[in-house]
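Just need the whole structure built from these sequences, with the hints factored in.
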Amino acid sequence: MSSLLICFLLLLISLFAVLEVRRSLKNREFKEIIIASLFLLLGLSYGIDYAMDWKVLPNPSSVITIVKPVSQAFDRFFEVNK
Amino acid sequence: MENRPISSQQFAAMTFLLLIGSALVYIPGNVAGQSAWIATLLGSIFGMWVLYAVLKLQEMFPGQRITQISVQLLGRIPGTILNILFFWSIFIYTSGLLYEILILLSVIYPAIPNTVLSFIIILTAAYCLYQGLNIMGRLGELFVWMSLFLIFVGFAIALPLVDLANLKPVVEAWKPLAAGVFYSADWPFDIVVIWGLFLPLVSAIKENTKKIYGWYLISAFILVVLDAQTLSILGRDLTESSRFPLFEIYRLVGFGEFRRLELSFLVLWLISGITPIIILYQGMNFIVQDIFSLKNFRVLILPIGLCLAILTPYMFPSDIPYLLLGFKYIPTYTFPVNFLYPTIILVAAIIKQKKSRSKSTPESAPNRPERASLPETRPH
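Chains as they are written, first to last, in this note's numbering: chain A, 1 to 82; chain B, 1 to 380.
Derived by calculation from the structure, the hints in this document are not laboratory data. Accuracy of the hints is not assured; some may be wrong.
Listed below are the simulated BS3-like cross-link pairs for lysine-lysine, each with C-alpha atoms no more than 25 Å apart in a straight line [unchecked claim]:
| # | chain 1 | residue 1 | chain 2 | residue 2 |
| --- | --- | --- | --- | --- |
| 1 | B | Lys56 | B | Lys328 |
| 2 | A | Lys26 | B | Lys295 |
| 3 | B | Lys56 | B | Lys354 |
| 4 | B | Lys206 | B | Lys354 |
| 5 | A | Lys68 | B | Lys295 |
| 6 | A | Lys68 | A | Lys55 |
| 7 | B | Lys352 | B | Lys206 |
| 8 | B | Lys56 | B | Lys211 |
| 9 | A | Lys31 | B | Lys295 |
| 10 | B | Lys175 | A | Lys68 |
| 11 | B | Lys56 | B | Lys210 |
| 12 | B | Lys206 | B | Lys56 |
The structure displayed is predicted, hence computed values, not measured ones.
Set out below in structure tokens:
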């Protein structure tokens, strides 16, 4: 599974390089390319982390669990049993 | 004549597919038990308000996306903070929707890993976005009647299984009903906030506002009817425990020797599942474009798609974390953001408009600085 995932990551990076990098550089859209590369780097880091099963990066779902106390209070008050 | 890529007819169809697609896989407001259909009905009022707010903002600031209006009205820093919160809300919403589709697809293709299916869906959506924004409109126009037909056929063939006794007592207690209203308002109705990003691309909105509200109400009505039908067939307990209750119903129906009719309806799930993903994915591109003031969003399509394809299985490796996060914690975050974001901006816009009106004297020309200082729209 990990090799398949890495193949997909490489495919997406190649597509990005072919479709966007050349065009953006030609149009001198440097800011666009930097922001896009940051997102690409983020996706790539998490992709490798997931493929290799390293689990060294923080799980983004931990951001959602900030609201856990509110959610629990809501469920208690409204008698939600899920 | 306005040169905008999406017609109001196409936009109305997209509204239908956005709501139906977001909610077809599960019963909105199922925490309300057998009163889930009432919860869905009441939850649609919240979505109606959000739709009103984004349409009103578009009327006040024509040609501007909600993310641009927020920065203009609230200031650079507060506006950007709100936009980031909005981005995260849309991201986790899309991620949840993608996960639901992945689970459904893994039932049909059990040998293919989720990450591969995730990439296939994202690459399909990215291809659609590369084709241009008018393709989204055409897609909506093309799929709306097919989806309506399949929903109607599904409803009709499952009608003999209905047992209305399963819907009683109608409102057992108000607290679970209120919780159901909250959950159904969050998913799917409040997601119409995404239209705040697409309205500048729609032609003749003012003339066709009723059509947009009309399709919203049709979607809400269909969801209420499907909720009631599902609950009356499966009953409260089975509806709550089923992963895809509507899919279970199509499994039960059949004529004589003809069984496994649910496979005929998979096209409905694929159409109505992928359309909201495409819309929300494009919405995220717009938000990032506005947060960083980029000239075009095209360059963001693949990187954001990659983040979506990877972070979905990363955040939700299995059903247990998904059910805990998606049905408990995520609504606590997404509901306030999706509901309050357009509300705060609309209130700020009204206050600013009143202030500018009170400043202008009867002798002077009407003072409307918001419209005069609008930057160019950047649909592409």
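Each hint tested on the structure:
Only pairs whose Cα atoms come within 25 Å are accepted, and Lys56/B paired with Lys328/B is rejected, the gap being roughly 32 Å. Restraint check: the Cα-Cα separation between Lys26/A and Lys295/B comes to about 14 Å, which is no more than 25 Å; the hinted pair holds. A hinted pair counts as satisfied when its Cα atoms are at most 25 Å apart, and Lys56/B with Lys354/B qualifies at roughly 15 Å. Our distance criterion of 25 Å between C-alpha atoms is met by Lys206/B and Lys354/B, whose separation comes to about 22 Å.
Distance check on the hinted pair: Lys68/A and Lys295/B sit about 38 Å apart at the alpha-carbon level, beyond 25 Å; violated. Taken as a hint, the Lys68/A and Lys55/A pair is honoured in the structure, with Cα atoms around 22 Å apart against an allowance of 25 Å. Distance check on the hinted pair: Lys352/B and Lys206/B sit about 22 Å apart at the alpha-carbon level, within 25 Å; holds. Between the alpha carbons of Lys56/B and Lys211/B the distance comes to roughly 15 Å, so the proposed pair stays at or under 25 Å and holds.
Distance restraint check for Lys31/A and Lys295/B: the Cα-Cα separation of roughly 9 Å lies within the 25 Å cut-off, and the hinted pair is therefore satisfied. With a C-alpha separation of about 20 Å, the suggested pair Lys175/B and Lys68/A falls inside the 25 Å cut-off, and the hint holds. Straight-line distance between C-alpha atoms of Lys56/B and Lys210/B comes to about 13 Å, which keeps the hinted pair within the 25 Å bound. For the hint pairing Lys206/B with Lys56/B, the CA-to-CA distance comes to about 10 Å; that is within 25 Å, so the pair holds.
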